[in-house]
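Peer 1: Sequence:
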Amino acid sequence: MQTLNLATRRWWYIMPIVFITYSLAYLDRANYGFAAASGMAEDLMITPGLSSLLGALFFLGYFFFQVPGAIYAQKHSVKKLIFVSLILWGSLATLTGVVSNAYWLIVIRFMLGVVEAAVMPAMLVYLCHWFTRAERSRANTFLILGNPVTMLWMSVVSGYLVEQFDWRWMFIIEGLPAVLWAFVWWRLADDRPAQAKWLSDQEKHDLETALAAEQVGIKAVKNYAEAFRSPKVIILALQFFCWSIGVYGFVLWLPSILKAGLKMNMVEAGWLSSLPYLAAVIAMLIVSWASDKVQKRKRFVWPPLLIASIAFYASYLLGAEHFWWSYALLVIAGACMYAPYGPFFAIVPEILPANVAGGAMALINSMGALGSFGGSYLVGYLNGSTGSTGMSFLLMSGALLLSVVLTLALNPGASDRVVPKTATPHPAPVR
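If you read the sequence shown in the working numbering, its first letter stands for residue 11, the second for the next number, and so on.
Among the hints, a few may not be true.
Simulated restraints on C-beta separations [what the hints assert, rightly or not]:
hint, residue 1, residue 2, range
1, V194, G59, 36 to 46 Å
2, D211, V304, 33 to 43 Å
3, E52, V117, 13 to 23 Å
Source of the hints: derived by calculation from the structure; they are not laboratory data.
A virtual CB, placed ideally from N, CA and C, is assigned to each residue, including glycine.
Build out the structure end to end from the sequences listed, making use of the hints.
Peer 2: Structure below.
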């Protein structure tokens, strides 16, 4: 009974903290799409090509600093790293609202990527300190739910802020919460169970014993260089690169695609932009629960991505004259692109030991950032240069299809085996 209470308390204490933190990070990177669709280009004299580059620059900064941030988090402190990052990215996001020209915007977008680079891998490392293998897909999903849930409400709120004020006030208002939350994070977060005052000594011991037991049987890897050369890590990195082309081409330019498709205002575009993320939340919860239930990760990654690829291709075939059918397919694509995140990020801690798993997840996520850079830039460029969304839908469809092929090429090994129940002393939390 005590073990069951421990599992429940961890979920209720830790997950709201990490969810809110990642939500704020995602808010300050994704609201650029609303500014781009609502007059920022005209105010700052930004050409369509430069607008695409600005949207993508975040991911260039994000790419370079993933691995150093994750290594710091794993060797030192997730708590300190996230505290500083919150203050810096909130300040940079707010400053975006007061820039006077595109050159300052270039600097800020790049630096925002640098500051936020460590957030995702550091949070994945953090969850590995607190949740067992049988819980990890759902724990990852509740973290990454900050992405579609933020897009869900941000799409509506940003649309209203732009409509009632302007894009500058949208950035200023939406940047401040991260700075305030930094001090709440510092008060509530603990790096490891041993530091948690809200756990008893027995609960701390039981959890640390369970996590240590999971390392038994995982092949030792002496350093990060050896981990990065692992064929499984290389395949996962390439897969996430292709996957992210589709995701961030979609996320960053969806408001512009919808606004152009039906000549609507930003409030209407905001409401329509929110529906794919509502569907994504539902899909992520279902897929992560099923993945933890059977603990077979790969089979819950590639099928949703294949459906998303088909949906983008079907939307391309329909063309702009069938807006509502195309929109319905975009809802399906959005849901299916997000659905596999939980099981995907549960793979790495199951194939690599704890001493290098964080760095490997950062490497994979950094390749995702590079794919996000390519997707956000190319989708914006294709939409601007062709005057339609057809070619960008084709790009996203092809990238997702390639990610499916790479997932199927992954040798299941440890990541797709059924783990004996005796290997995990703690039962999964109450569902």
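Peer 1: Does each hint hold? Answer for all of them.
Peer 2: Comparing the hints with the structure gives:
no.: 1; hint: V194 <-> G59: 36 to 46 Å; verdict: holds, 40 Å
no.: 2; hint: D211 <-> V304: 33 to 43 Å; verdict: holds, 34 Å
no.: 3; hint: E52 <-> V117: 13 to 23 Å; verdict: holds, 21 Å
When held up to the earlier numbered hints, the structure conflicts with none and fits them all.
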